[in-house]
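Given the sequences, and given the hints that come with them, work out the whole structure.
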Amino acid sequence: MTTMRTSLQRNMKGWIQPFLLCFALLALWQLMVTGRVWDSTIVPSPIRTVAAAWEFRTVLARDFVVTSAEVSLGFLVTVSASLTAAIMLHLLKGRLRGFYGLLIVLQSVPLWAIAPVLFYWTGPGLTTRLLVIVLTAFFPVLVNTVEGLRRIDQELSDVFDSMNAGVWQKLYRLEIPSVLYMVLAGSQVTLTMCLIGAVLAEMLVGDMVGLGYRIKAANAHFRIDLVFASVALLGVIVALFYSGLALLARRFDPSSSTKES
Amino acid sequence: MIYSQHHEPAVAVRHVSKSFTGNGSGTSVILDDLSFSIAQGEVIGLFGPSGCGKSTLLRILCGVLPFDAGDVRILGKRDLERRGLVAYVPQRSGLLPWKTLKENAMLGWMVMGRRVSSDRPAAQADALFERFGLSSVASRYPQQSSGGERQRTALVRALLTPAPILALDEPVTAIDHITRVGIYEELLTIVQEGAAFGSSPTVVMISHDPEELILLCDRILVMSQRPSTIVATVRIPFARPRDAEIKFSPAFAELKRALWRLLR
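From first to last, the protein sequence lines are chains A and V.
Mapping to this note's numbering: the first sequence position 55 is 55, numbers consecutive.
Mapping to this note's numbering: the second sequence position 150 is 150, numbers consecutive.
Read the hints as simulated data drawn from the structure, not as lab findings.
Do not rely on the hints blindly, as some may be mistaken.
Stated by the list, open to error - In silico PhoX-like links for lysine-lysine, alpha-carbon gap of 25 Å or less:
no., chain 1, residue 1, chain 2, residue 2
1, A, 93, A, 170
2, V, 256, A, 170
3, A, 170, V, 77
4, V, 247, A, 170
Printed below as a string of structure tokens:
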């Protein structure tokens, strides 16, 4: 009970500082605009940004839902696809090394170049956007996972070998959990990549919906306040997903929350 | 633990050599033409200077490290067939961080026991946890446990594995002396209880501590600096069951002196 309370207090302390900092920066920003140091058409004040968000609330609510859905779907597809691919590469050992090299080369092709072509192949729908998201985030996760499978603790691997564990036993009891551990640890990066992919997809191959499209359209109409409002909503998505992932990590690694120091 | 009734030696090592290809510095020979054999039920200590290849030899015995030349037979079996016959307790315990100590202790049985025995391993695990003083921490995770608790868990895991031979590497984690003595005395009791039933595990253990080895072992193989060979075999004449009190006898002191001399 005492430990719970202290950890709660520690969490509160952890929150108060960034909150105060944000508040101070927003206040300063508002002052700069109200005091006409900054031009309010180019740098809309926080109050004006909130007003714009309210003005476009129906549109933005829809954009928010669409982008969130894309990011979560994209995240799930990316993680499962790259895990599957990494495990297959691992099981085939060196036999597909050439293929892995090819993947690394493919990874460096900028998506900006390919995304418009995808538009012609699969149309402006959700599929195309998901494809862009997965292509953005897939390779980094894959490379991390493959590296992770290569660097599994030697001692643990020895223990399994000494038990004469088969390929599947080892995969199921040692390798997949080890890698999940790592993928989860890297999931915040994956999430960020998925968000970048989603915004990119909405800007390039979109259905005229989503926060990425909204940013592009608002920019074209010189509604910088609406751009700011959309960017703020992207921030909200990131914050929501981060806390979700933190909860998931705690469930998956029960020891991390109660670690003794 | 399943004990074999054959009269085959538990371990037969013939002319085994092992070298590692270092990065840039060429190959370094670790083990040079090692030969020895261990009878079933024997408790053997490996003693030698740091870095002489004791752990390498142990990993070869467990069947997890390939060697360059020679022949290793465990109960007459070679190559991959001998895997699973030696339960391994590595230096850093080798516990899965996402499993509790209890779940970790059951791992050997989970991986291979179901094929072999239908005993109630959970009850056995509970009994062993009780003996090793782990009952109160059974549901903790390795990161939340002390080095000694982790090492004891790894030992229980090995004892629950249906392998007739135990291979214990020396823990590198800082375990205080009293904890260590406790662990090894408990191990001594287990070995002797097995002997009372006419079937005890064959044990190969590494230690830097001559007292520990003299107390527990039937024979101690003394290894030289790299490239390592076996320079001496010290037979421990004390009858079983042994009492930890023998540490204070003159014969014990004499053996200890002999071991220290061989190390130099």
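So, going through the hints one by one against the coordinates:
| no. | hint | verdict |
| --- | --- | --- |
| 1 | A:93 x A:170 | 14 Å, holds |
| 2 | V:256 x A:170 | 42 Å, violated |
| 3 | A:170 x V:77 | 23 Å, holds |
| 4 | V:247 x A:170 | 43 Å, violated |
Against the hints set out earlier in the document, violations occur for numbers 2, 4.
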